[in-house]
Structure formats: C-alpha cells, structure tokens
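Novice: These protein sequences, in sequence, are chains A and B. Residue numbers are given in the numbering used here: position 33 of the first sequence equals residue 33, and the series is strictly consecutive. Residue numbers are given in the numbering used here: position 183 of the second sequence equals residue 183, and the series is strictly consecutive.
Derived by calculation from the structure, the hints in this document are not laboratory data. Careful: at least some of the hints might be erroneous.
[Unchecked claim] The following label-pair restraints were derived from C-beta to C-beta distances:
| no. | chain 1 | residue 1 | chain 2 | residue 2 | range |
| --- | --- | --- | --- | --- | --- |
| 1 | B | G99 | A | Y156 | 49 to 59 Å |
| 2 | A | R78 | B | Y183 | 50 to 60 Å |
| 3 | B | A16 | A | G179 | 22 to 32 Å |
| 4 | A | L115 | B | A94 | 37 to 47 Å |
| 5 | A | G38 | B | L115 | 22 to 32 Å |
| 6 | A | H32 | B | V148 | 19 to 29 Å |
| 7 | A | T147 | B | F199 | 49 to 59 Å |
| 8 | A | A172 | B | A94 | 46 to 56 Å |
Nothing here was measured: the structure is a model prediction, and the numbers come from that model. All C-beta atoms, glycine included, are put in the ideal place defined by N, C-alpha and C.
Number of protein chains: 2
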Amino acid sequence: MADTPREIEALIEILARLPGLGPRSARRAVLHLLRRRGALMAPLAQAMQIVAETARDCLTCGNIATSDTCAICASPQRATGEICVVEDVADLWAMERAGVFRGRYHVLGGTLSALDAVGPEDLGIPRLLSRVRDEGIKEVILALNATVEGQTTAHYIADALRGTGAAVTTLAQGVPIGGELDYLDDGTISAALRSRRSF
Amino acid sequence: MADTPREIEALIEILARLPGLGPRSARRAVLHLLRRRGALMAPLAQAMQIVAETARDCLTCGNIATSDTCAICASPQRATGEICVVEDVADLWAMERAGVFRGRYHVLGGTLSALDAVGPEDLGIPRLLSRVRDEGIKEVILALNATVEGQTTAHYIADALRGTGAAVTTLAQGVPIGGELDYLDDGTISAALRSRRSF
Chain A
1 MADTPREIEA LIEILARLPG LGPRSARRAV LHLLRRRGAL MAPLAQAMQI
51 VAETARDCLT CGNIATSDTC AICASPQRAT GEICVVEDVA DLWAMERAGV
101 FRGRYHVLGG TLSALDAVGP EDLGIPRLLS RVRDEGIKEV ILALNATVEG
151 QTTAHYIADA LRGTGAAVTT LAQGVPIGGE LDYLDDGTIS AALRSRRSF
Chain B
1 MADTPREIEA LIEILARLPG LGPRSARRAV LHLLRRRGAL MAPLAQAMQI
51 VAETARDCLT CGNIATSDTC AICASPQRAT GEICVVEDVA DLWAMERAGV
101 FRGRYHVLGG TLSALDAVGP EDLGIPRLLS RVRDEGIKEV ILALNATVEG
151 QTTAHYIADA LRGTGAAVTT LAQGVPIGGE LDYLDDGTIS AALRSRRSF
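Excised from the complex, chain A in its bound form (with noise of 0.2 Å):
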C-alpha cells in the first residue's frame, strides 16, 4: 500500500505467509502489534529471535529441541524400551497433549513419497532402526496419520523392523470420544466395526 512505511510493509508481508493469517489479517495483527509496541511487539521479537537462534533438531529423535538432546529423550522419568514414530512435531505434540506415552519419540518429518523423492534416508529410518538396536527397544508404535501416505510410510516401517525383535503396533482405529457416528465417515465406521470389543 502507498505511504505505509516499507518496513511495516515487510513485517505485513512475512506475517502473511503463516499458516492461519491472510493478508488481511496479517494487517490487523501488526496493526495490534503497532498498538503495543512496548509491551507486545518487541517481547515478541526478542521471543522470536531468541527461538530461531536457539532451535534445532534433537539429534536422537527429530523432535525440536534447543540443544542437541531434546528434553523428552534427556529425561530419565521417560521409560526406555519403547518408541513411538510420528510424522512430524506437531504429532509429537499431540501425543504429549493427551499425556499417556510415556516412552521416547522418534520424529520422521515427513512420509515416504517417490513423486517428491522422500525416501527412507530422509525420514531418518536407517537411524530409527539403529536406535531399536541399540536401545534394547521392545516395542515401536507407529503413530503416522491415517493417510495412504502415513499408512504407506507405516508399512515400509514395520517391514524393515522385522527380525530386529521388537514389537510393532499402532494406534486404534474407531469412533473418537464425543463423536456422532452421523458425522463419521465410513471408513471410520467400518473400522470401529470390524475391531468391535465386548461391551
């Protein structure tokens, strides 16, 4: 826009390019920054500056981390044995939210794919397998999204842990809690049915 000073532009312009802000609302939100310059906006970029410096991937797992070791793979409260593999640190996340797994991650990043050339290195599963062998892991549940792409990923992974002995399991497939069987799609339907459990 004419006559708003290029920097506040720019700021506008990065803002936009986050997932959940438009142009639109980028505006409004540095808008809401300008406003509290003080109090809001220079936190904020400290806050920022001092995440893009310090962040980097944990070396054993894949989860984010600020030094090398991540804090769930540097925990001894966290059970050894068992590693649950998810695509990404947002799943990760998730898993922590819900607050059951109380074993080590492993973060693949991504889901195998020969149109974009991910393939095995890419996701870490040569490591993976490593960690299972040395780690003495007995169980890997494999938490990748019910997607072609995540189950696909999920396969290639269990086919390649056979003969290291651990067990490979993965996450239920049902009706989520609180869900309205009329708004579930019938894959979902299906799969709640055939894996029904006495009542």
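Following the hints, put chain B in place on chain A, whose structure we already have.
Specialist: Structure of chain B alone, referenced to chain A:
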C-alpha cells in the same frame, strides 16, 4: 506443555495474544516457523525488531510512521486544505486502500467515552483544531465508524469546528457496492432511502 522448550512455549504464548490467533493456531504458526527457521523465522524476528524500534506516531496526524512526520503528511503530492478524521490507523489504511482521498488525515486513536475517561485531549481534538486554523483547512471529512461512539465523537468534533470556517462533511450512508437488500439491516436501508438520488 511439559517437555517443550521453555523458549518455544514463551513464543507460542505471546503469539496467541494476537487477534485472529488462539493457543491452537499460535502453536501451528510456531511449528511452521520452526520448520523454516532460516527462511522465515529469522527474517520475521528481524522485521519485527526493526518495526518495534522505528515505529512511532506521526506528531502531526497520529498515523504510524518511522519518523516524526508520516509519509502522508510529508508528501507534497497530497492535497492541503482537506483533513479526513478517522478513529484508528486501521481506518486510515482502509481509506488509503480505496485510493480516492488525496488529502491528509487526523487519527483520533479512539472515540470519546465518559466511561473509559477518554476526553477530547486524549483524541488530539485540540491539535486538530489548531491544524484546521494553521494549515488553512477548507474541509474536514469525518470518516468515523457508523457506531454510537463514532457518531457521538463526530458530533462533538463538528461542534468544536464551528467558527473555524472549515466545511464539515461525513461519509455517505447507503447500500454497500455488491450489497443485497435482503442481507442489510433496517437502519442502512432507511438511511439509503432517505438519501436517495435521481437515477
């Protein structure tokens, strides 16, 4: 969330305070930034830092600027003699997007409110009066929001401007371009009918 680096949690918390973002979308935005640390997060942090350090209010009109006088007040291309009064910088930006007004602005920064103890001084109304006198303003366009607060403030300013010799005008009210009568409120339809013009 346990086991997420403290710096990242701090960043999510601050981002979640932006309008249009909540804790969930702030988390998603931060993950997006973390995946593009070099290409997106570092430039964003820097752009924000620069704006936080350089942004200030234009001493003349109250617009956001990077020097004591904003680009609009400093521009020789803008018509002198006309001031458009807006509540907020967001409104100024909206006017500029429309690209029709070529004069200068006066940003109030709010509306009069006895409840919140916002008086004429807080909105820079005395400063507006001196500008009208000193700059030889011929027309003051009141582009305040069509809310009770906006219109109360508009009436106050119109009264205060009486005696300066400047014409006081306000934006036309009516059916928005592309608007469908069926979806318009009664007040807008009444206003549009009262201000009807020959076709």
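Novice: Now tell me if each hint is right for this structure.
Specialist: Against the structure, the hints come out as follows:
Between G99/B and Y156/A the CB atoms are about 56 Å apart, so this pair conforms to the stated range of 49 to 59 Å. A hinted range of 50 to 60 Å for the beta carbons of R78/A and Y183/B is consistent with their spacing of about 56 Å. A beta carbon spacing of about 27 Å between A16/B and G179/A agrees with the range 22 to 32 Å that was offered as a hint. A hinted range of 37 to 47 Å for the beta carbons of L115/A and A94/B is consistent with their spacing of about 43 Å.
Range check, G38/A to L115/B: Cβ separation about 25 Å, and the 22 to 32 Å hint holds. The hinted range of 19 to 29 Å is satisfied by H32/A and V148/B, whose Cβ atoms lie roughly 23 Å apart. Restraint check, T147/A to F199/B: a C-beta distance of roughly 57 Å satisfies the suggested window 49 to 59 Å. For A172/A and A94/B, the hinted distance range of 46 to 56 Å is satisfied, since their beta carbons lie about 51 Å from each other.
Checked against the numbered hints above, the structure breaks none of them.
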